[in-house]
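Chains D and V, in that order, are what the protein sequence lines are.
For the record, in the first sequence the residue sitting at position 62 is 62 according to the numbering used here, with numbers rising by one throughout.
For the record, in the second sequence the residue sitting at position 66 is 66 according to the numbering used here, with numbers rising by one throughout.
These aren't lab readings, by the way, just hints derived from the structure by calculation.
All of these numbers come straight from a predicted model, not from anything done at the bench.
Glycine is no exception: its CB is placed at the ideal position from the N, C-alpha and C atoms.
Hints are supplied without guarantee of correctness; some may be wrong.
[Said to hold, decoys possible] Label pairs and their in silico Cβ distance ranges:
no., chain 1, residue 1, chain 2, residue 2, range
1, D, V169, V, L79, 57 to 63 Å
2, V, D82, D, K121, 30 to 36 Å
3, V, W2, D, I46, 51 to 57 Å
4, D, L25, V, W2, 21 to 27 Å
5, V, L71, D, N37, 28 to 34 Å
6, V, L85, D, A114, 39 to 45 Å
The residues making up each chain are set out below.
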Amino acid sequence: MLNWKKHIPLTIACVLTGLLLTVALKTQTALNSENVNKNQTLIDLIENLEMDTQTLEESIGSVQKQIDEVQKQGTSGQGMVAGLQNQVEELKLRAGQTDVFGPGVTIVLEDNTAGAEMVKKNNPELYNPEDFIVHDKSLLYLVSALRGQAEAIGINNQRLVASSDIRCVGTVIMVNSTRLAPPYEIQVIGNPKILEATVLNSDEYFFLQSKEMPVTITQQEEISLPALKGSNTANYANPVKEGEQ
Amino acid sequence: MWLPLLGLILGALFGSILTVTVPIVYAKYLSVAVLAALDSLLGGFRGVLEESFDGVILLSGFFTNALMAALLAYLGDHLGLDLYLAAVIAFGLRLFSNMGFIRRDLINRYRLKKAKKAGEIHD
Numbered sequence: 001m002l003n004w005k006k007h008i009p010l011t012i013a014c015v016l017t018g019l020l021l022t023v024a025l026k027t028q029t030a031l032n033s034e035n036v037n038k039n040q041t042l043i044d045l046i047e048n049l050e051m052d053t054q055t056l057e058e059s060i061g062s063v064q065k066q067i068d069e070v071q072k073q074g075t076s077g078q079g080m081v082a083g084l085q086n087q088v089e090e091l092k093l094r095a096g097q098t099d100v101f102g103p104g105v106t107i108v109l110e111d112n113t114a115g116a117e118m119v120k121k122n123n124p125e126l127y128n129p130e131d132f133i134v135h136d137k138s139l140l141y142l143v144s145a146l147r148g149q150a151e152a153i154g155i156n157n158q159r160l161v162a163s164s165d166i167r168c169v170g171t172v173i174m175v176n177s178t179r180l181a182p183p184y185e186i187q188v189i190g191n192p193k194i195l196e197a198t199v200l201n202s203d204e205y206f207f208l209q210s211k212e213m214p215v216t217i218t219q220q221e222e223i224s225l226p227a228l229k230g231s232n233t234a235n236y237a238n239p240v241k242e243g244e245q
Numbered sequence: 001m002w003l004p005l006l007g008l009i010l011g012a013l014f015g016s017i018l019t020v021t022v023p024i025v026y027a028k029y030l031s032v033a034v035l036a037a038l039d040s041l042l043g044g045f046r047g048v049l050e051e052s053f054d055g056v057i058l059l060s061g062f063f064t065n066a067l068m069a070a071l072l073a074y075l076g077d078h079l080g081l082d083l084y085l086a087a088v089i090a091f092g093l094r095l096f097s098n099m100g101f102i103r104r105d106l107i108n109r110y111r112l113k114k115a116k117k118a119g120e121i122h123d
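Modelling step: build the complete structure from the supplied sequences, incorporating the hints.
In structure tokens form, the structure reads like this:
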């Protein structure tokens with residue numbers, strides 16, 4: 001009789017504890033897996049969109065090739081059309097619509113991993129990862145400094161044109177809406193000596209030097225850059241014709 | 001002594017069969033409540049071993065502790081204080097001290113039994 005008095009309350013407590021414990025465990029695991037699932041769908045979404053972009057870029061490339069062929073067919077030896085055709089070629093070159101090659105410089109920017117390790121080891125309280133990575137601003141300022149002297153610019157095989165963007169999205173840099181990873185390689189076609197001097201005299205270069213970021217500049221005899229992969233048609237801007245306004 | 005253990009397993013089984021999940025907002029309070037419940041349970045076992053067990057005290061402690069722990073955590077969240085830490089520390093400490101007492105009680109029992117047996121043989 002005394003035994004029952006002991007056992008029943010204890011058993012009730014046990015049943016309830018077991019119940020609570022499993023429900024709590026289930027809630028926690030549901031919580032964790034929910035986060036993971038959410039991230040996974042977002043990752044899938046981004047990857048799908050990037051694939052879409054790639055296929056669209058490829059179709060733009062093939063359509064442009066077709067246009068080129070049609071234009072060439074129409075211009076067999078006729079003086080004026082041939083002249084216009086040459087002009088189109090020239091303009092395409094300027095607009096970044098053709099693959100180009102020529103002499104120039106390559107600037108390679110890398111994250112300051114050695115410096116980051118040092119600081120992490122010696123005084124971790126001062127460690128701020130932001131100080132040791134290449135930022136979008138560095139690329140932007142270097143490119144801006146070079147724009148005047150450069151005839152063609154590319155970053156990690158992305159051709160820069162008038163409508164190109166260099167943006168920071170979280171921990172990655174996007175150029176032409178494509179994600180890039182370090183090392184960042186800025187390839188510039190132009191007079192190599194002038195280009196190198198321009199970089200060496202730019203504020204951004206001094207800034208990067210002061211932060212001990214590894215920057216290398218090399219003059220090169222031949223650099224080849226791809227054409228812009230996306231489209232840069234003007235849908236809203238209309239040219240002002242003389243005399244109209 | 002098997003009944004409570006069976007109860008624990010039964011409860012766990014029941015909990016995993018039931019498809020009840022607590023809303024995420026209350027997940028923390030539930031965890032604190034579970035800690036309080038575990039503490040009460042161990043306290044009960046200790047009581048059984050030390051022969052000072054009282055079913056009413058156990059059950060009342062079980063419910064009030066679990067409820068108060070959850071309420072304290074809830075209040076803390078609304079005051080902007082991590083008050084649930086107080087519950088975690090208090091119940092955590094008691095859990096460990098109860099476990100220590102249970103261990104000692106069990107060892108003492110075992111030794112007593114052994115000594116009795118040895119005594120019987122000598123007699």
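So, going through the hints one by one against the coordinates:
1. V169/D <-> L79/V: 57 to 63 Å: Because 38 Å falls outside the window, the suggested range is violated.
2. D82/V <-> K121/D: 30 to 36 Å: Between D82/V and K121/D, where Cβ atoms are some 32 Å apart, the hint holds.
3. W2/V <-> I46/D: 51 to 57 Å: holds, 55 Å
4. L25/D <-> W2/V: 21 to 27 Å: holds, 24 Å
5. L71/V <-> N37/D: 28 to 34 Å: Hint holds: Cβ distance 32 Å, inside 28 to 34 Å.
6. L85/V <-> A114/D: 39 to 45 Å: At roughly 40 Å between Cβ atoms, A114/D and L85/V fall inside 39 to 45 Å, so the hint holds.
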